[in-house]
Structures are given as structure tokens and as C-alpha cells.
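Protein sequences appear in the order of chains A and B.
First residue of the first sequence: 1, per my numbering; consecutive thereafter.
First residue of the second sequence: 1, per my numbering; consecutive thereafter.
Just so you know, the hints here were simulated from the structure itself, not pulled from any lab data.
Cβ atoms here follow ideal geometry from the backbone N, Cα and C, with glycine treated the same way.
Among these hints, one or two may not hold up.
[Claimed, not checked] Which bits of chain A does chain B cover? Going by a derived footprint, with three or more residues having C-beta under 8 Å, they are:
hint, segment
1, 119 to 128
2, 132 to 140
[Stated by the list, open to error] Negatives, chain A to chain B, calculated, CB over 12 Å:
hint, residue
3, T66
4, V90
5, T159
6, F207
7, I270
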Amino acid sequence: MNLSEQIKKTAAETRSPEDTVLVWPNLVYIELICILLGTAVLLFLSLISPAPLEELASADTTPNPTKAPWYFLGLQELLVYFDPWLAGVVLPSMIIVGLIIIPYVDTNPNGKGYYTFSERKFSVLGFSFGLGLWYILIVIGVWSRGLDWSWYWPWSDWTIHMSVTAVKLIDLELILQETFGLSDQPILQLGQRYGMTISNLVTWLLFLGYYAVGFTIPFLLLRKFYNKLGLIRYHLVMFFFLSMCGVPLKMFLRLIFNIKYVLVTPWFKI
Amino acid sequence: MDDIWGYPYRLGITIFLVIGTAACTLIFVVFAMWLEKSFKDDKINKR
Chain A
1 MNLSEQIKKT AAETRSPEDT VLVWPNLVYI ELICILLGTA VLLFLSLISP
51 APLEELASAD TTPNPTKAPW YFLGLQELLV YFDPWLAGVV LPSMIIVGLI
101 IIPYVDTNPN GKGYYTFSER KFSVLGFSFG LGLWYILIVI GVWSRGLDWS
151 WYWPWSDWTI HMSVTAVKLI DLELILQETF GLSDQPILQL GQRYGMTISN
201 LVTWLLFLGY YAVGFTIPFL LLRKFYNKLG LIRYHLVMFF FLSMCGVPLK
251 MFLRLIFNIK YVLVTPWFKI
Chain B
1 MDDIWGYPYR LGITIFLVIG TAACTLIFVV FAMWLEKSFK DDKINKR
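Let the hints inform the model, and build the full structure from the sequences given.
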């Protein structure tokens, strides 16, 4: 069905007049009530949770920890797990670009003008997962990060510094060198700064392999999904979807295996 | 054996992340399902 046919298929055409209501007053009154309720809730929140200005900033007494406004704490929390370049620039940009392309890659005509989950399961689940991850990172940043950005439980003593040496992080390629006895000598010199070792090459293969496998499995098992999207849209959707899933994956590698970076180059670290 | 629940709370943070993300996702999905159920009469009948 093309767009003009969809526009023609409006409520006015499919419903009899006695089954419809007027915008004024039926809709506008509901909107007015919503505005009043919203204002009341905001007023109440500002009364119970004041946000006073603090004293003038001083370079001698910097606060510990320095926390961003709550809506940016998810990003600040990502800095624990990713390079600043990635957590502060690349990932936010990818989130914004990914949201922008949604209307262009969405081929599912269902859900226009009405709420549905059953007809858009992948979209709703994928978006909810990203949003859930975003919110849980904010929750962690607001309520679980204390002195030196260390993790504090609600029952911990928040005035005592945690031992910063308790976490020893190591790059994946060094783990490969130690575990499999791979050489740390460069096998390929790429420019003056980048001598690629075998272990570094393996990390490249693992990193690219994650995307390659992620692109291939739905292509083989969910061919209808691929056919519906087409080549370009499929790769765009899968790239952003896999990148989104890669964020918690990297976090778990850092938490469980103490892996600092999966892939290290002189220009960027992931 | 080290206390697996002690600082740096690797297991605790991981479990918190998994359960927290799953719970948030579930809330959004349940909300979407509730919206669908509650407003199903608004859906334009398909021809």
C-alpha cells in the first residue's frame, strides 16, 4: 500500500460519524487537564527536591566525585568501561544517528496511528533494551558511584575510600599473549607508530568477527527479515543493533575478565 | 579464595546490571503491551 492510500485510510473514512468525537472540546479538554497535571507534578517535585546553587567553584577544593547532571550520568558511567573518545563522542553520536535513521530503515507499516507491541516486537524490544540500558546506567551513576567514582552499595560507608588498586585491568591482546604464548614482536609495521603483533591481529579478527557473525546469523536463519529490509537497510539495522549489544558485552568483559580494551591501536582503543 | 562478593564487587555489579537492564526493558515492554490492550479500540479497522 502506498502512502496516499494509507492517508486515505483514515478514521473518518472507516468509521461512521456517530463513532467519532470532535477535537474541540473532547481532545482539547484532555490536553488541558494533562498540562495542568504536568505543571502540578513539576511544581510538587521542585518543592520536595530543591536544587540550590552551590558555592563558587574553587580549584583548591574540587568535589569528589564530580558528577554530571543526572541525565548525563549514563554517559559518565560509560567512561568506566570505554575510552573517553568512545564513551564521550562515538557512542553518543551513534545513538543520535541510530535514532535518526529509524524512520528510514523501518519497513513495517504496522503501528501507524495506534499502539501495538504484537505487530512490532523486534522494534519495541530493541528500543526498550537500549532505553533500559541507558536508564540503568543513569541509576548506577546517581546512586552507586561515590568517592573516586568507586562503586558503593546503599549499605556501604560512603566516607571511606575504596582501594583503587583492587582492580587490575589488562588489554585482551596481552591476555592472549600470556594464555597462548603468542609473540609480542610486530609482524607487520603500519606506519611509524603501529607495529601489529599476532595477538593484535587476533583481537582485530575477534572484533570484526563479532560483526561478521552478527551480520551472518540473521541472514541465514531469518531470511524473511533480511528480504523485508533489503541489503542496505539490513546492514544499517544490524550494525546499530550489534553496536548496541556490544556495549553491555564490553562492560561484562571488563567486569568479569578485567579486560581493559578489546582492541588497541595507536589511534583508538575499544 | 577471594571473597567473590567483596570489592571491587565484580559479580555484584554484573548481576545488578543484568537484572536492572532486564527489569527496565520489561517495564517498557509491559507498558507497550498495556497501551496496545487499552487502546485497541482506537485501531483503524483494516480492510
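* Asked: Which of the numbered hints are not met once you compare them with the structure shown?
  -> Failing hints: none at all.
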